[in-house]
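The chain contents come next:
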Amino acid sequence: MQKSLLIDPDKCTSCLQCEMACSFEHEGAFNPAKSRIKIFEFEHGRRAIPYTCTQCAEAWCLHACPVEALVRNQATGAVEVKEDVCVGCKVCTIACPFGTINYNQSTGKVAKCDLCGGDPQCAAACPTGAITYVDSDWTGYERMKQWAVKTDNRPQA
Amino acid sequence: MNYVILGAGPAGVIAAETLRRTDPNGSVTIVGDEREAPYSRMAIPYLLADNIKPAGTHLRHGAGHYDKLGITLRPGRAARIDGAAKSVTLEDGGKISFDKLLIATGSRPTRPPIPGIDLAGIESCWTLKDAAAIAARAKPGGRVVLMGAGFIGCIILEALHARKVDLTVVEMADRMVARMMDKTGGDMIGRWCERQGVKVMTSTRVTAIEKSKNGLRLALDGGRHLEADLVVCATGVAPNVRFLEASGVKTEFGVLVDHHLASSVANVYAAGDVAQGPEMITGKTEVHAIQPTASEHGRIAALNMAGQPTHYRGSLSMNVLNTLGLVSSSFGQWQGVPGGTMVEKADPDHSRYLRLCFRDDVVVGALALGLTQHVGVLRGLVQTGIRLGPWKQRLMGDPNLVMHAYLDRTKGLA
Ligand SMILES: Cc1cc2nc3c(=O)[nH]c(=O)nc-3n(C[C@H](O)[C@H](O)[C@H](O)COP(=O)(O)OP(=O)(O)OC[C@H]3O[C@@H](n4cnc5c(N)ncnc54)[C@H](O)[C@@H]3O)c2cc1C
Ligand code: SF4
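As given, the protein sequences belong to chains A and B, one line each in that order. Quick note on the working numbering: the first sequence kicks off at 1 and runs consecutively. Quick note on the working numbering: the second sequence kicks off at 1001 and runs consecutively.
There may be inaccurate statements among the hints.
From the structure, some residues in chain B lie toward chain A, with a derived Cβ separation under 8 angstroms [said to hold, decoys possible]:
{"no.": "1", "residue": "1040"}
{"no.": "2", "residue": "1052"}
{"no.": "3", "residue": "1318"}
{"no.": "4", "residue": "1322"}
{"no.": "5", "residue": "1372"}
{"no.": "6", "residue": "1377"}
{"no.": "7", "residue": "1380"}
Source of the hints: derived by calculation from the structure; they are not laboratory data. All C-beta atoms in this analysis are idealised placements derived from N, C-alpha and C, irrespective of residue type, glycine included.
With these hints in hand, go ahead and build the complete structure from the sequences.
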C-alpha cells in the first residue's frame, strides 16, 4: 500500500518543527528557508497551513522537464529530482500549478518533497499530528486528486 | 494502427511515448532530420555554459529507450505529405505511409533581411550544431554581439556571459524581453545586466553587417558601429511549415489545429512549436513556442490519434528566465484583458516586481521578478480560474500575498 502525507491544518500550531526537520534532512542544516514543506500563517499566526507537494498523478513538473531529471520513485510514489541530470532551467517550477517545486539559487537546481525515501521527517517531527504519513486511501487523497483534475486540460465538469 | 510522427523534438517524442502507452500494438515511427539522439533545444544554453556534456541535452537517458518501447527512429526529412494517399515523401526519396500522422517539425530561427546577414561568423543558436559553432568562436574576452534580447536571446545571453566574452546586446524594442515583460520589468533586467558588465543597447537596430580587418563590422541605426568576432542572431523563429504547401493542411503562421490538435486534413495532427492552436484565456489560436506547450500538445495529440478523444483547453504562454542570476517569469495574459484590472508592485532597489492581471476576481496573467518560491501557483491561479473573492481587494493592496490568497481559497489542498 502506497502512503501519502496527510495534512490537517486545524492541528498546526506553526511551531516550524517540520521545516527544521526537512531542511536538516535535505540540506544538513536547520534552515526553514530551505525546507520543502512550508508553513503559511494567517491572521497573525492564529491559523496556519502546512503546504508541500502531493506527488500528484498528473506530475506536471515531470512532463515539462526537458531532460528527464524528474522521475517517479515506484516504491514511494514520490517524484524525485535527479540532481546530476537537472540543468536548472526552472521550467518545472512554472509548470507545476501548485508551486511545490522550487528553484534553489545556491545549488542551481530545483528541490521538492521526496517523502524522504519513505520516512518523511516532517511527519516524524510534527508534535501535534498535523502532518502524518498514512495509507493513501486515508488521506483525503481522493479529494486532492479531484483538485488536481480541476487544473487539468480536460474540460471542467 | 500505423502512426508516423515528423520531428524528433520534445513534442514528437512525448507523442510517440504516449501512443505506445495508449495503443500497445500500434506501429510508431518518428522521422527526424537531426543527427543526434532526440534532444531538448532548451538544454543548449547549459551546454554552451559548459555545465553539461552533449548527452545531457538528451530527452531520454535510458540505453535503448526507443528500441525498448518499440519506437522506430527513421533518419530523414519530410519533403511533402499527401493526406488523401496517407503518405509522406522524404527528401531522400523514401516514402512512408500512415494511418495517423503527427506534424511536430518545430520552428526554425529567422534573420532580419539586412545586408551581410549570412556572412561567416554570424550564427543562430537553435540546434546542437549551432551550439558547437558558437562554442568554437565564443572565447574569453572575444567580442560578441547578440542580436535580439527576446526570451531566447536572453537565455543565450546567460550562457555567453558564462563563457566570459565581451558581450553587447542589440535590441530593436525599447526594453529587454519585450514579449514577456512590461517596461518596468524589462528595464530592471536591462539595468541588472549592465551592472554585470553586459552592454545593453535597446531601441537600436543593426542595419548592415560587413567583413572588417579582424572580424565583423555592424552598422547601427543612428550611424554608430560595433566590431565583433562573433554575432549571435536571436531575432525570432517561425514554424517549419513550408513542406506542407501543397498538402491542403491549413496554415496561418503555424499549422492550424483545433481543441483536439487535429489539422484541417483528416488523420493529420500537429503539436509543439509548429502548431497554431487555441490559447487558454482568449480562445484565439496562437503559436506558443515553449517546452510546456510542446509537451502538452504532444501528449494530447497522441491520445486523440490513438482513438481516445481528449479535449485540450488551450495553451498558456509561460516563461521563466534567469538573466545572470535574476529570475523572472510571465504567465498568460500579463498585458491584461479588456475590462480587467491589474496591480503592480515594484521594488527596483532589490530587483523585485510583481504584476497580477485580473478579470473580475480571477487571475488571468502575471509577471514576476526575483520570485523563485511557489511561482507555479501563478500558473495554477490562471489555469484553474479560482475566484479570489475577498482576496481580490487584498491583493490589489499587496500582490505579494498571492500565495496566501491561493492557499486560503483552496484550503491548502494542492
Ligand atoms: C536556445 C534555446 C533555449 C530555449 N529555452 C526555452 C526555455 O527556457 N523554456 C521553454 O519553454 N522553451 C525554450 N525553448 C524553446 C523550446 O526548445 C521549444 O519550444 C521546443 O523545442 C519545441 O519542441 P518541438 O518538439 O515542437 O520542436 P523542436 O524541438 O524544434 O523539434 C522539431 C524537430 O523536427 C525536425 N524537423 C523539422 N523539419 C522537419 C522535416 N521536414 N522532417 C523531419 N524532421 C523535421 C527539427 O530539426 C527538430 O529536430 C528554447 C529553445 C532554444 C533554441
Ligand atoms: S529545472 Fe531541472 S528538474 Fe526542473 S525542468 Fe529544468 S532540468 Fe528538469
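Each hint tested on the structure:
no.: 1; hint: 1040; verdict: holds (3 angstroms)
no.: 2; hint: 1052; verdict: holds (6 angstroms)
no.: 3; hint: 1318; verdict: holds (5 angstroms)
no.: 4; hint: 1322; verdict: holds (7 angstroms)
no.: 5; hint: 1372; verdict: holds (4 angstroms)
no.: 6; hint: 1377; verdict: holds (4 angstroms)
no.: 7; hint: 1380; verdict: holds (3 angstroms)
Checked against the numbered hints above, the structure breaks none of them.
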